[in-house]
Amino acid sequence: MKTERILLLAALILPTLLQAQVRFATRNGHVTFTSETPLENIEATNDKATSVFDLSSGAVEVAVLMKAFTFEKALMQEHFNENYVESDKYPKGTFKGTVSGFTAGDLTKPGSYNVTVTGDLTIHGVTKPLTAEGTLVVDPTGVLKAVTTFIVKPEDFDIKIPGLVRDNIAKEIDVKVQIEYQKL
Amino acid sequence: MHRTLFSLLLIAALTSVRAQDSLLDLLGEQETIEYTDASFKTSRVINSHSLENTAHGVLDFKIGHRFGFLNLGPVEAFGLDQATIRLGLDYGLTDRIMVGIGRSSYQKTVDGFVKYKFLRQCKSGCHIPLTAALVAGMTTTTVAKENTWWYDESRTDYYTHRLGYNFQLIMGRKFSDNFSLQLMPGMIHRNLIRSAKEQHDVMNIGAAGRVKLTNRLAINAEYFYVLPGQLYGDNLTEEQLNDPNPGFHNSLSIGFDIETGGHVFQLHFTNSTAMYERGVITETTGDWLNGDIHFGFNISRVFTLHRPKPKEPKPARKRKKDGVG
Chain Y
1 MKTERILLLA ALILPTLLQA QVRFATRNGH VTFTSETPLE NIEATNDKAT
51 SVFDLSSGAV EVAVLMKAFT FEKALMQEHF NENYVESDKY PKGTFKGTVS
101 GFTAGDLTKP GSYNVTVTGD LTIHGVTKPL TAEGTLVVDP TGVLKAVTTF
151 IVKPEDFDIK IPGLVRDNIA KEIDVKVQIE YQKL
Chain P
1 MHRTLFSLLL IAALTSVRAQ DSLLDLLGEQ ETIEYTDASF KTSRVINSHS
51 LENTAHGVLD FKIGHRFGFL NLGPVEAFGL DQATIRLGLD YGLTDRIMVG
101 IGRSSYQKTV DGFVKYKFLR QCKSGCHIPL TAALVAGMTT TTVAKENTWW
151 YDESRTDYYT HRLGYNFQLI MGRKFSDNFS LQLMPGMIHR NLIRSAKEQH
201 DVMNIGAAGR VKLTNRLAIN AEYFYVLPGQ LYGDNLTEEQ LNDPNPGFHN
251 SLSIGFDIET GGHVFQLHFT NSTAMYERGV ITETTGDWLN GDIHFGFNIS
301 RVFTLHRPKP KEPKPARKRK KDGVG
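Residue numbers (my numbering), protein chains in the order written: chain Y, 1 to 184; chain P, 1 to 325.
Because the hints were derived from the structure by calculation, they are not lab data. The reader is advised that the hints may include incorrect statements.
[Stated by the list, open to error] Covered stretches of chain Y (in silico footprint by chain P; criterion: 3 or more residues with CB under 8 Å from a CB of chain P, positions within the stretch not fixed): (1) 22 to 35; (2) 80 to 93.
[What the hints assert, rightly or not] Capping the alpha-carbon separation at 30 Å, the derived lysine-lysine pairs in DSBU-like fashion look like this: (3) LYS160(Y) - LYS212(P); (4) LYS145(P) - LYS171(Y); (5) LYS73(Y) - LYS309(P); (6) LYS92(Y) - LYS117(P); (7) LYS183(Y) - LYS153(Y); (8) LYS108(P) - LYS92(Y).
[Stated by the list, open to error] Beta-carbon label-pair distances, calculated as ranges: (9) VAL165(Y) - GLU29(P): 47 to 57 Å; (10) ASN147(P) - LYS171(Y): 56 to 66 Å; (11) ASN191(P) - VAL165(Y): 42 to 52 Å; (12) PRO308(P) - GLY142(Y): 32 to 42 Å; (13) LYS128(Y) - TYR165(P): 53 to 63 Å.
These figures come from a predicted structure and were not determined experimentally. Even for Gly, the Cβ is constructed at its ideal location relative to N, Cα and C.
Using the sequences and the hints, build the whole thing.
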């Protein structure tokens, strides 16, 4: 009888303990990419990235709608969606991975922490492993900011660039991700 | 009793800690309104307007060129020795309203138009099945009065004789990534006509479509049907008298769109010499079956003059559920 009561209590408390994960999320993550060539520089920004970051496990996920990237020129944007990333077929770019190099305890104190992100990046229906260096910043108000930069090669993701514009689009595209998380 | 309660609770506890497939599921989907785009590569199919507009703040410089008829034979290099051109500028006042002007060598015509896209086909977040636009335009020929077909010394030459108006409703749908189709009922008004056998208001209906072959290559076709008994040419032959519109033919054009960086090249075959509605619909004399076919091209080059601020995407309209407010 006594053991049963203890077990019963455990069954009630256990799930709440396991769910005491600290999660952060946003719908307004900022993702930009730039292609720099001697002929022209192309820059696109997206302020609608969604992301969830689980502090206890370090798991992180980011998703961006390809159509939400805005370019300087309307035609660039149309070509990006129509010809390169084929947004109708592959509407989202996603990243699923883990952040390492910190402990959940660290992030209770304001400061800047250098971390490593590893995981899988999916663009244009192709998934490739990705490792990037990043920074987590906890400001005194408790807001968590994450910043990382990495390089993406269009050819790795089966994005074909015709010979005629080969020199206008960089072989290596710089991607910058800036996310300000809110507690979920 | 206690045992059953205990096992029930245990099951409940276990299921509640099951692993989530994706962390992002926690946020849920937020659907926003998205309209279809790129039904056609540019704002023209070949001679006709397409479902697309020039984007807000973008100036589109159009060069239209038609060589002579193919049936002119080898001495005339199958028409390559002759040329008819139209130079035009289109500008997007907003994403839905565009204006344009053009000047053609054919009849030394100046044309201007306004195009308003009042309905946009929805891809997600709303339920509009088609795109619809209205085009209203005006043309005036600037040839010297001695060279006009109506010239007569005994008659006063009014400027209004030179004017024509065109109205068109364009309705169409991008059925898939690769296939778009549009229907275009329209009317051309001509201030001056050849004889009482003609109509001032010429009713017509057009159809145009596109099949995308690759991301950068598409095949286009357009056809304008002019309702019979509205046009009547001069110097007709016996045979022509039996035609629905003696002396004139319906316009048919078939071509390719080739896209490169900032340009769209359109290469095509057409029996129309003009490149504006009045000329294409009411003044096409070429007959495909007779080899009266022009080889031609359009080049479209866009310049971004003004960069509008990116708009906040609108959240999708919620459909009212039955029985719930």
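Results for each hint:
1. 22 to 35: Since three or more residues must qualify, the claim that chain P covers the segment 22 to 35 of chain Y holds, with 3 doing so at under 8 Å.
2. 80 to 93: It holds: at least three residues are needed, and the segment 80 to 93 of chain Y offers 6 whose Cβ sits within less than 8 Å of chain P.
3. LYS160(Y) - LYS212(P): 17 Å, holds
4. LYS145(P) - LYS171(Y): Answer violated: LYS145(P) to LYS171(Y) is near 60 Å, above 30 Å.
5. LYS73(Y) - LYS309(P): Between LYS73(Y) and LYS309(P) the Cα gap is close to 11 Å, so the pair holds against 30 Å.
6. LYS92(Y) - LYS117(P): 28 Å, holds
7. LYS183(Y) - LYS153(Y): 33 Å, violated
8. LYS108(P) - LYS92(Y): 51 Å, violated
9. VAL165(Y) - GLU29(P): 47 to 57 Å: Roughly 34 Å apart at Cβ, these two residues miss the hinted range, so it is violated.
10. ASN147(P) - LYS171(Y): 56 to 66 Å: Cβ of ASN147(P) to Cβ of LYS171(Y): about 58 Å, so the range 56 to 66 Å holds.
11. ASN191(P) - VAL165(Y): 42 to 52 Å: 47 Å, holds
12. PRO308(P) - GLY142(Y): 32 to 42 Å: 37 Å Cβ-Cβ, so the 32 to 42 Å window holds.
13. LYS128(Y) - TYR165(P): 53 to 63 Å: Given a distance of about 58 Å, which is inside 53 to 63 Å, the answer is holds.
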